[in-house]
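There are 2 protein chains.
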Amino acid sequence: MPRESLGEFEQLILLAILRLGQEAYGVPIIEEIENRTGRSVSQAAAYLTLRRLEQKGWIRSKMAMPTPERGGRAKRFFSLKPAGTRRLHAARAELLNMWEGFEPEMDTR
Amino acid sequence: MPRESLGEFEQLILLAILRLGQEAYGVPIIEEIENRTGRSVSQAAAYLTLRRLEQKGWIRSKMAMPTPERGGRAKRFFSLKPAGTRRLHAARAELLNMWEGFEPEMDTR
DNA sequence: TCATTTACTATACTCTGTTGAGTAAATGAT
DNA sequence: ATCATTTACTCAACAGAGTATAGTAAATGA
Chain A
0 MPRESLGEFE
10 QLILLAILRL
20 GQEAYGVPII
30 EEIENRTGRS
40 VSQAAAYLTL
50 RRLEQKGWIR
60 SKMAMPTPER
70 GGRAKRFFSL
80 KPAGTRRLHA
90 ARAELLNMWE
100 GFEPEMDTR
Chain B
0 MPRESLGEFE
10 QLILLAILRL
20 GQEAYGVPII
30 EEIENRTGRS
40 VSQAAAYLTL
50 RRLEQKGWIR
60 SKMAMPTPER
70 GGRAKRFFSL
80 KPAGTRRLHA
90 ARAELLNMWE
100 GFEPEMDTR
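Top to bottom, those sequences are chains A and B.
The opening position of the first sequence corresponds to residue 0 in numbering that gives the first Met the number 0, with each subsequent residue numbered one higher.
The opening position of the second sequence corresponds to residue 0 in numbering that gives the first Met the number 0, with each subsequent residue numbered one higher.
If you're looking for bench data, these hints aren't it; they were derived computationally from the structure.
Don't take each hint at face value.
Repeated chains share a single entry, so a pair holds when one copy, or any two copies, can fit it.
[To be verified] Taking lysine to any residue and the SDA-like style, the derived pairs with C-alpha atoms no more than 25 Å apart in a straight line are: (1) K61 - N96; (2) K55 - S78; (3) K55 - G6; (4) K80 - L95; (5) K80 - F101; (6) K61 - K80; (7) K80 - Y24; (8) K55 - G70; (9) K61 - F101; (10) K55 - W98; (11) K80 - G6; (12) K74 - E102; (13) K74 - R2; (14) K55 - S41; (15) K74 - L19; (16) K74 - A92; (17) K74 - R91; (18) K74 - L95; (19) K80 - G70; (20) K74 - A89; (21) K61 - G37; (22) K74 - E3; (23) K80 - R51; (24) K80 - E68.
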């Protein structure tokens, strides 16, 4: 059985979906994480994690029609399910509580 | 080879060490995480993660003398090494960037 | 001497993260 | 039409991180 808490990368994926809203499909999700964290994200890692998150019931997905542009294949769009939003919220609350009062130390390297 | 980024539980352990300062040994580390996150932490999970973090060079440890109290065995005290502080800082920065502008959505439920 | 308390360890296993390569379906050029 | 190119997604194998169950070790107190 999967664990209740979010993995570190799972959390980034959920946050990217939250941020992207209607535009949340594989490629922009990867770009969003790369742009905002500075790390590089492989497609395989992203899509596999997306599938696992869907299996756990934290996100849902739906295929869309292909778009008329070069290489414009059909996209699979993702959105958060209530359970996923709750997990994200819980993960944030945990970290805020752990950081509480120590933000200054953190910011001065 | 271990990965560069912090695992989800590793991050909690490092934060507990940061918070506890001179008092950072196994038992209080576990209690700090339990009290601030509400989840239960097994001793095995904590000590194993501590050992792995030390092997990676992110924390250091030192055995202290036993204390004169019932069951007062020698404690192993932990402290952050510069590399660990940097990883913690980087993990926080990544999440802040991902959350940026979306805190309100997160707080409403 | 032995039960009790505090602190730490061993082992095995599952879940999560990462890599390297590959497939599929669209358009554009010749 | 055919084939290179672009965009989007998939497979399979493995390494790393997280968890559970159980147990050991070294103190004190009765």
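Going down the list of hints, with the structure as the test:
Taking the shortest Cα distances, K61 and N96 never come within 25 Å of each other, neither inside one copy (35 Å) nor across copies (27 Å). Proximity of K55 to S78 under the C-alpha cut-off of 25 Å is restricted to the intra-copy arrangement: shortest distance 13 Å within a copy versus 36 Å between copies. For a Cα distance limit of 25 Å, the shortest separation of K55 from G6 qualifies both inside one copy, at 13 Å, and across copies, at 20 Å. For the identical chains of this complex, K80 and L95 are neighbours both inside a copy (23 Å) and across copies (22 Å), given an alpha-carbon limit of 25 Å.
For the identical chains of this complex, K80 and F101 are inter-copy neighbours only, at 17 Å across copies versus 32 Å inside a copy, given an alpha-carbon limit of 25 Å. In this homomeric assembly, K61 and K80 come within 25 Å of each other (Cα to Cα) only inside a single copy, at 13 Å, whereas the closest approach across copies is 46 Å. Taking identical chains as interchangeable, the C-alpha atoms of K80 and Y24 lie at most 25 Å apart only when both belong to the same chain, with a minimum of 15 Å there against 39 Å between chains. Taking identical chains as interchangeable, the C-alpha atoms of K55 and G70 are never at most 25 Å apart, the minima being 31 Å within one chain and 43 Å between chains.
Proximity of K61 and F101 under a CA criterion of 25 Å is satisfied inter-copy only: 24 Å between copies versus 42 Å inside one chain copy. Proximity of K55 and W98 under a CA criterion of 25 Å is satisfied inter-copy only: 23 Å between copies versus 28 Å inside one chain copy. In the homo-oligomer, the alpha carbons of K80 and G6 lie at most 25 Å apart both inside one protomer (17 Å) and across protomers (24 Å), since each shortest distance falls under that limit. Taking the shortest Cα distances, K74 and E102 never come within 25 Å of each other, neither inside one copy (40 Å) nor across copies (28 Å).
In this homomeric assembly, K74 and R2 never come within 25 Å of each other (Cα to Cα): the closest approach is 29 Å inside a single copy and 30 Å across copies. In this homomeric assembly, K55 and S41 come within 25 Å of each other (Cα to Cα) both inside a single copy, at 21 Å, and across copies, at 24 Å. For a Cα distance limit of 25 Å, the shortest separation of K74 from L19 inside one copy, 14 Å, qualifies, whereas the shortest one across copies, 48 Å, does not. In this assembly of identical chains, K74 and A92 lie within 25 Å of each other by CA distance neither inside one copy nor across copies; the values are 33 Å within and 31 Å between.
Taking the shortest alpha-carbon separations for K74 and R91, neither the intra-copy value of 29 Å nor the inter-copy value of 32 Å comes in at or below 25 Å. For a Cα distance limit of 25 Å, the shortest separation of K74 from L95 qualifies neither inside one copy, at 35 Å, nor across copies, at 29 Å. Taking the shortest alpha-carbon separations for K80 and G70, neither the intra-copy value of 30 Å nor the inter-copy value of 48 Å comes in at or below 25 Å. In this assembly of identical chains, the alpha carbons of K74 and A89 never lie at most 25 Å apart, being 30 Å within a copy and 32 Å across copies at closest.
Proximity of K61 and G37 under a CA criterion of 25 Å is satisfied in neither setting, with 28 Å inside one chain copy and 35 Å between copies. Taking CA atoms no more than 25 Å apart as the test, K74 paired with E3 passes in neither setting, with 29 Å inside one copy and 31 Å between copies. In this homomeric assembly, K80 and R51 come within 25 Å of each other (Cα to Cα) only inside a single copy, at 14 Å, whereas the closest approach across copies is 34 Å. Within a single copy, K80 and E68 get their C-alpha atoms no closer than 30 Å, and across copies no closer than 51 Å, so neither meets the 25 Å cut-off.
This entry does not satisfy hints 1, 8, 12, 13, 16, 17, 18, 19, 20, 21, 22 and 24, going by the numbered hints stated previously.
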